[in-house]
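**Q** Chains A and B, in that order, give the protein sequences.
With the first letter of the first sequence counted as 1, position 312 gets the number 573 in our numbering; the numbers rise by one all the way through.
With the first letter of the second sequence counted as 1, position 38 gets the number 299 in our numbering; the numbers rise by one all the way through.
These are calculated hints, taken from the structure and not from any lab test.
Warning: the hint list may mix true and false statements.
[Stated by the list, open to error] Quick list of in silico lysine to aspartate or glutamate cross-link-like pairs, EDC-like style, CA-CA up to 20 Å:
1. A/Lys314 with A/Glu326
2. B/Lys314 with B/Glu291
3. B/Lys314 with B/Glu373
4. B/Lys314 with B/Glu448
5. A/Lys511 with A/Glu474
6. B/Lys575 with A/Asp509
7. B/Lys493 with A/Glu291
8. A/Lys575 with A/Glu498
9. A/Lys493 with B/Asp462
10. B/Lys314 with B/Asp348
11. A/Lys575 with B/Glu336
12. B/Lys511 with B/Glu546
13. B/Lys314 with B/Glu486
14. B/Lys493 with A/Asp462
15. A/Lys493 with B/Glu486
16. B/Lys511 with B/Glu547
17. B/Lys314 with B/Asp345
18. B/Lys575 with B/Glu547
[As the list claims (entries may be wrong)] Non-contacting residues of chain B with respect to chain A, defined by C-beta distances greater than 12 Å in every case (computed):
19. Ala276
20. Pro277
21. Ala297
22. Thr304
23. Asp317
24. Leu358
25. Phe359
26. Glu377
27. Gly390
28. Tyr424
29. Lys433
30. Arg447
31. Arg477
32. Glu501
33. Lys511
34. Pro557
For each residue, glycine too, the CB sits at the ideal point set by N, CA and C.
Each chain, written out:
There are 2 protein chains.
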Amino acid sequence: MADAFVVHQHLETRAPRSAVLIGGGYIGMEMADAFAHRGLAVTVVEHAASVLKTVDPGFGTLVSEELQRHGIRVETNVRVERIDIQDTRLHVTESNLFHASADLVLVGVGVEPNSELARAVGIEVGERGAIRVTRMMETNLPDIYAAGDCVETWHRVLNRATYLPLGSTAHKQGRIAGENAVGGAREFAGTSGTQVVKVFDLVIARTGLRDDEAVRAGFDPFTVESATWDHKVYYPEAREVRIRITGDRKTGRLLGAQMLGHVHSEIAKRIDIFATALFHNIRVEELNDLDLSYTPPLSSPWDPVQMSCQTWVKALQ
Amino acid sequence: MADAFVVHQHLETRAPRSAVLIGGGYIGMEMADAFAHRGLAVTVVEHAASVLKTVDPGFGTLVSEELQRHGIRVETNVRVERIDIQDTRLHVTESNLFHASADLVLVGVGVEPNSELARAVGIEVGERGAIRVTRMMETNLPDIYAAGDCVETWHRVLNRATYLPLGSTAHKQGRIAGENAVGGAREFAGTSGTQVVKVFDLVIARTGLRDDEAVRAGFDPFTVESATWDHKVYYPEAREVRIRITGDRKTGRLLGAQMLGHVHSEIAKRIDIFATALFHNIRVEELNDLDLSYTPPLSSPWDPVQMSCQTWVKALQ
Numbered sequence: 262m263a264d265a266f267v268v269h270q271h272l273e274t275r276a277p278r279s280a281v282l283i284g285g286g287y288i289g290m291e292m293a294d295a296f297a298h299r300g301l302a303v304t305v306v307e308h309a310a311s312v313l314k315t316v317d318p319g320f321g322t323l324v325s326e327e328l329q330r331h332g333i334r335v336e337t338n339v340r341v342e343r344i345d346i347q348d349t350r351l352h353v354t355e356s357n358l359f360h361a362s363a364d365l366v367l368v369g370v371g372v373e374p375n376s377e378l379a380r381a382v383g384i385e386v387g388e389r390g391a392i393r394v395t396r397m398m399e400t401n402l403p404d405i406y407a408a409g410d411c412v413e414t415w416h417r418v419l420n421r422a423t424y425l426p427l428g429s430t431a432h433k434q435g436r437i438a439g440e441n442a443v444g445g446a447r448e449f450a451g452t453s454g455t456q457v458v459k460v461f462d463l464v465i466a467r468t469g470l471r472d473d474e475a476v477r478a479g480f481d482p483f484t485v486e487s488a489t490w491d492h493k494v495y496y497p498e499a500r501e502v503r504i505r506i507t508g509d510r511k512t513g514r515l516l517g518a519q520m521l522g523h524v525h526s527e528i529a530k531r532i533d534i535f536a537t538a539l540f541h542n543i544r545v546e547e548l549n550d551l552d553l554s555y556t557p558p559l560s561s562p563w564d565p566v567q568m569s570c571q572t573w574v575k576a577l578q
Numbered sequence: 262m263a264d265a266f267v268v269h270q271h272l273e274t275r276a277p278r279s280a281v282l283i284g285g286g287y288i289g290m291e292m293a294d295a296f297a298h299r300g301l302a303v304t305v306v307e308h309a310a311s312v313l314k315t316v317d318p319g320f321g322t323l324v325s326e327e328l329q330r331h332g333i334r335v336e337t338n339v340r341v342e343r344i345d346i347q348d349t350r351l352h353v354t355e356s357n358l359f360h361a362s363a364d365l366v367l368v369g370v371g372v373e374p375n376s377e378l379a380r381a382v383g384i385e386v387g388e389r390g391a392i393r394v395t396r397m398m399e400t401n402l403p404d405i406y407a408a409g410d411c412v413e414t415w416h417r418v419l420n421r422a423t424y425l426p427l428g429s430t431a432h433k434q435g436r437i438a439g440e441n442a443v444g445g446a447r448e449f450a451g452t453s454g455t456q457v458v459k460v461f462d463l464v465i466a467r468t469g470l471r472d473d474e475a476v477r478a479g480f481d482p483f484t485v486e487s488a489t490w491d492h493k494v495y496y497p498e499a500r501e502v503r504i505r506i507t508g509d510r511k512t513g514r515l516l517g518a519q520m521l522g523h524v525h526s527e528i529a530k531r532i533d534i535f536a537t538a539l540f541h542n543i544r545v546e547e548l549n550d551l552d553l554s555y556t557p558p559l560s561s562p563w564d565p566v567q568m569s570c571q572t573w574v575k576a577l578q
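If we strip away everything but chain A, and leave its shape as in the complex, we get (with noise of 0.2 Å):
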């Protein structure tokens, strides 16, 4: 919070007219998004193959080129070695292999628990050095509860505790903390992982485990990618939305969704329908039996969340 604040005062007072973004994640994605909208130009350097890693690299190269429609040159497979100064310039470099300059440069890479004081105290920090909770927020210290970005979160679809710092997480975990402290009982249900953001005119959203992640989780996965309208195409300004499910090739369970479409066609919500479905342990033909809304402005007789279902269901077959 501090540093948003520092960055904007920065941007009121010195008025800067370009910047690098080192780190394609959501801060880069969204700062990219707002520096652009303040007239900035924008180069975004990303350590890996593809920006947004929280979806699969596919996805990643789709949000690339939304980046580069409005102007912002995005540099992939960047090991980012040295920022220098020079008068008012700064410059990024690794060795002879990249280099851009700009008047600000923002680094995020990452977030990482500050548990310093729970540790100091004797409190046990697990994954990644976060607080260790019990599904009642409590620690291994009696009477004391922690909850937000400094904690392990349980996992539903791992079931296990891993660390996963996000605002809605926080949310729930504070009242479950807060209410358990005066006497209550009450237990977190858990994270399904799901996320969303939002970059220029692109929704990017995921709930459950992507292929790579459930393989690790010990699941047989097989995951599907499919390309649907939004709504009725007769109907003016259908757009296409694609999805990507992975499930369970044994069970048939659904196991995680990854959703990317315009901001205008409910992506944010469609993944919430595969989350709320994921938080019921269903699997994916399931999908097909959801009364879902439909009008041919918003949607078709079949929600294209139930048609990549469908799409699914026949790749495995």
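Use these hints to put chain B onto chain A, whose structure you have.
**A** Frame of chain A; chain B shown alone:
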């Protein structure tokens, strides 16, 4: 379908400049929107006290206001008695109480199942004359299956057959009838009564039961309306979403939800979060456990769906 083509041809060849729509249901609303976009002067005439009787009257009033904002005359509590023709002008009247004239009159006052053929061969009919079918979509005559707008539909929340002809339901039933007719054994999971319509910039959606329907079905319902922003208000273009939750007082079970908001507030797919939760017989309070997607341009850490549930739970206490 045939009627739609006739109306369309009439619009193309006769170029009417005004229309009276009798009936303020889905057809009336969609035609009011379409005719106004074509430049016709439109009057909507509704028999009940508010348009769009599928949702509670307060929502119907907001829909009337949306129609009026787009220059449409809305007249409720009108029982049309006569349509007279003078030259090429049509006059719609209720004795001395109501008069409107136009080049075109469209009547959309409900649908009836076309079950004549079935009855003629001895197939039983039920609710409102619709063909009686099992959950496998089989009629009382062996090996004769039926599906779509001509059949009774199993309602998951009412736990009985009802007449609710909708495209989304027809598609599901058609596949099941087809599969079973060739030797399959699939059961129709039933409707939850999910519906949505777009009227100009407004989207109105519902799933499950309204309060009055829940009373008739033997529940002890409690209904609470709340209004929240569709996303964080500090991010531009936040708009109000109105949600009415109906739950059972005794069990806390979710029975239904109604939602109204802007076409860009993801109303259709937010009602589907309720529809998916309702499919799994969730309690209103449990919706807070769902891991729904959050990013400031598209939602809040507690989605409007969840905030409305929190309001319901507090009001019940």
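**Q** None of the hints should be skipped; say for each whether it holds.
**A** Right, here's what the structure says about each hint:
no.	hint	verdict
1	A/Lys314 with A/Glu326	15 Å, holds
2	B/Lys314 with B/Glu291	14 Å, holds
3	B/Lys314 with B/Glu373	17 Å, holds
4	B/Lys314 with B/Glu448	31 Å, violated
5	A/Lys511 with A/Glu474	17 Å, holds
6	B/Lys575 with A/Asp509	39 Å, violated
7	B/Lys493 with A/Glu291	15 Å, holds
8	A/Lys575 with A/Glu498	29 Å, violated
9	A/Lys493 with B/Asp462	18 Å, holds
10	B/Lys314 with B/Asp348	35 Å, violated
11	A/Lys575 with B/Glu336	51 Å, violated
12	B/Lys511 with B/Glu546	13 Å, holds
13	B/Lys314 with B/Glu486	17 Å, holds
14	B/Lys493 with A/Asp462	18 Å, holds
15	A/Lys493 with B/Glu486	31 Å, violated
16	B/Lys511 with B/Glu547	15 Å, holds
17	B/Lys314 with B/Asp345	27 Å, violated
18	B/Lys575 with B/Glu547	14 Å, holds
19	Ala276	22 Å, holds
20	Pro277	22 Å, holds
21	Ala297	15 Å, holds
22	Thr304	23 Å, holds
23	Asp317	17 Å, holds
24	Leu358	33 Å, holds
25	Phe359	30 Å, holds
26	Glu377	25 Å, holds
27	Gly390	23 Å, holds
28	Tyr424	15 Å, holds
29	Lys433	7 Å, violated
30	Arg447	10 Å, violated
31	Arg477	20 Å, holds
32	Glu501	16 Å, holds
33	Lys511	21 Å, holds
34	Pro557	9 Å, violated
Comparing the model with each numbered hint stated earlier shows that hints 4, 6, 8, 10, 11, 15, 17, 29, 30 and 34 do not hold.
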